[in-house]
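Visitor: Here are the chains, one letter per residue:
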Amino acid sequence: MTDRRKWTLRLVSLAVLAGVWEALGRGLDVLLLPSFSETLLAFLRLVADVHFWVALWISNEALLLGFALAAVVGVPLGLAVGRSPRVERFSGFYLDLLLVTPISALIPVLIPALGIGLASRTAVVFLFAFSVITISAASAIKAADLVLLEMSRSFGASRFQVWRKILIPAALPRVLTGLRLGLGRALAGMVVVELLMVAAGVGGLILRYQGDFDAPNAYAVVLSVAAESVLLMSLVRKAERKTLVLHGWTA
Amino acid sequence: MIEIQGCVKTYRSKHGDGIAALGGVDLTIKDHEFVCLLGPSGCGKTTLLKIVAGLTSADAGQVLIGGRPVEGPGPDRSVVFQNFALLPWADVFSNVQFGLEMRGVHPSLRRERALHWIQSVGLSGFESRFPRELSGGMQQRVGLARALAVDPQILLMDEPFTSVDSQTRRLLQDDLVALHQKERKTVMFVTHSMDEAVRLADRVVLLTERPGRVLERLDVPLPRPRPAEIRKCPEFSELTEYLWSRIQTMQPDLRSRMSERPEEELDK
Amino acid sequence: MEIRAEEFEPRRPLPGYLWPAAVGIAVWELAGRLLGLSSVPPFSDALKATFRLIASSEVQLQLAASVSSLVAGFGISAVFGVALGALMGRFRTIEALLDVYLDVFLASPSLIYVPILFAFFGVGRLTQVGVIILYSFFVIVAYTLSGVRSVDKSLVQMARSFGADERRLFLRVTLPSAWPMILVGLRVGAARAVKGMINGEMFIAFTGLGALLKTAGDRVEPAEVWGLLLIVLSVALIFLGLLEIIPQITWSPRGRDLLQRER
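Protein chains in written order, with this note's numbering: chain A, 123 to 373; chain B, 524 to 791; chain C, 8 to 270.
Check the hints yourself; a few may be wrong.
Unchecked claim - DMTMM-like mimics (lysine to aspartate or glutamate), calculated; alpha carbons at most 20 Å apart, straight line:
1) A:K360 / C:D110
2) A:K128 / B:D698
3) B:K755 / B:E739
Claimed, not checked - A few chain A residues facing chain C, derived, Cβ under 10 Å:
4) L186
5) L187
6) L191
7) L228
8) P230
9) R307
Just so you know, the hints here were simulated from the structure itself, not pulled from any lab data. Here a beta-carbon is modelled for each residue, glycine too, at the ideal position from N, C-alpha and C.
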């Protein structure tokens, strides 16, 4: 199937969705289902409103800090853990546990400890992203071809050289994947903490509009978060691919 | 009898532009004949094979088998694949009887035929083994047994020995010749090895690439039965040299792709 | 716009991990006693709270509510997710029509859509199950799609060359080939279903373990919170552990026969 046909079908699908949404929104006289056009208008008004951007910034502050922290801590930790099978077996238990635990269940524990400011929101984002980043890095360091390691040793490479020239380049793809997945989780964390714990940022906006039964605006904020996520994730994918190409990993 | 008449096939890429795989091929293969399609690695020969197999259709022209046009796969033909195409989760026995199963043959008859052919290709005792436990040569024997188990009139083989090492390749070639001597199927065999073509075929058809067209049809007058020693005959190397010189007249860059050449020098 | 299904699925969590767990429990116990932080009680207190909670009929009721929603929601996601993933994998047209939505739901945090669900269906079981489906459905579709797409084309051609029809092709080649990927998707989907269960319940704050967690947190009762946490963890681990057993069943010789038997 050609690209053009694919995109045509996608556009058709979206158009149908918009149409059905519009029809339902107008037909069903329900307070809670605004029509597509109402939502779109609310969205455009929202984008023009400074308060929205302030809220967005508040949310993203926690996202940035939490994710950066998770990356800075998680990647080196993962690389170090991955090198030692014994350490990996031990910490693997906790990392897997963290991967699988609903972090939101930890929220009632975190509030008394960290309060309701930026610190606690950052901590939640950190916890969401940390496990997948670390596990990816641990798996990444094991990805180096043993033959390459032997080869480098046969030329008398030092420990530092082995790390720099073989282990780290070999680890790059998985580390990047881990960071991408971590960002996805960080976004979830950003939203979870605001909807369940601290009514700040965009989450707070949604809750406020919901309380006011202001459906168009609530939907608009939801859409904007979805849009930000999709944009961020696709940017990150592109960056990931470019980085890999730059370091000789793909064509 | 297979009659290929004016076959044309163009592939469309993602962006919509076309790659001409076949640009009008005419060829007739008689019953029980062993024909090798020879040419550089690429889509032309395999495409033609797939059209005859009924797995794809030509954009223009037609293929007649026994006077009737090909409209899809049929019980009269079966295919042996380059990378074996064995089900990795099934054992040798299940793999060999797979074709029969797809054709709806009764279980007890399937069992009987499968076991017979497993034995014929020399894999008795390996019925419960899995493909990953077998060497490349053995895996291809499974593929061959599967293809023969459905008792086709025509065997279509797509570079079946390319994925094995040269020693195994020789043994498989010798086995195939012996098998053909016994079963007398019509065979269409795609290869990019001149050595292989001369070893196996009654007739070699040279194809150019992009678009694929018949460059030359060469009879191989070597006698049958054709034991392994035939490789030592002067006629053998005359034929391979001739094919090589004909291939070199195609595009110049093809020369570097015939990496078979140095190996064949050593084989002498 | 490529749908790439990648996640790190939880590795086999139970066997061989007793030692780290024991160490962790020991550290927890010591830290709880020595540090004396009211928000981190020692392990023994948490465990006591857990038993107390499980004994209470209130908690049993909520636990049952949570688990039943989880099973229902995940079940629906699994069945329809694999079906849709297979359809999208088989028919490029269907894929092109739907992949936009799949990408959006995979990229965006699922909780963001819960207020909408809540507004529509209120506080009942339907919303709860809906949230769990929302959380788990799309990853299952993505992994199934990926698995079906990555079927070795030569196997498909081989089967076609022997005259296999669509049904046989799907059952004997596509499905077995895609099955490992589908399984990964189901495991990841299961982990997400558990998260959806808790997140949804905490948001709606009406029934289930999540609601209990929220009230315990609001009332600032740390032992109770940790006790509930242990229960949630147990539910998660048991649920995921059960899903590990499925491959055992389907890949045993008998299981394989079930896949293979033809009339």
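Visitor: Evaluate each hint against the coordinates.
Guide: Structure-based check of all given hints:
1. A:K360 / C:D110: Given that 20 Å is the threshold and the Cα spacing comes to 15 Å, the pair holds.
2. A:K128 / B:D698: Violated - the C-alpha atoms of B:D698 and A:K128 are around 48 Å apart, more than 20 Å.
3. B:K755 / B:E739: violated, 25 Å
4. L186: violated, 16 Å
5. L187: violated, 17 Å
6. L191: violated, 19 Å
7. L228: holds, 7 Å
8. P230: holds, 3 Å
9. R307: Holds, about 9 Å.
The structure fails to meet hints 2, 3, 4, 5 and 6 from the earlier list, while all remaining hints are met.
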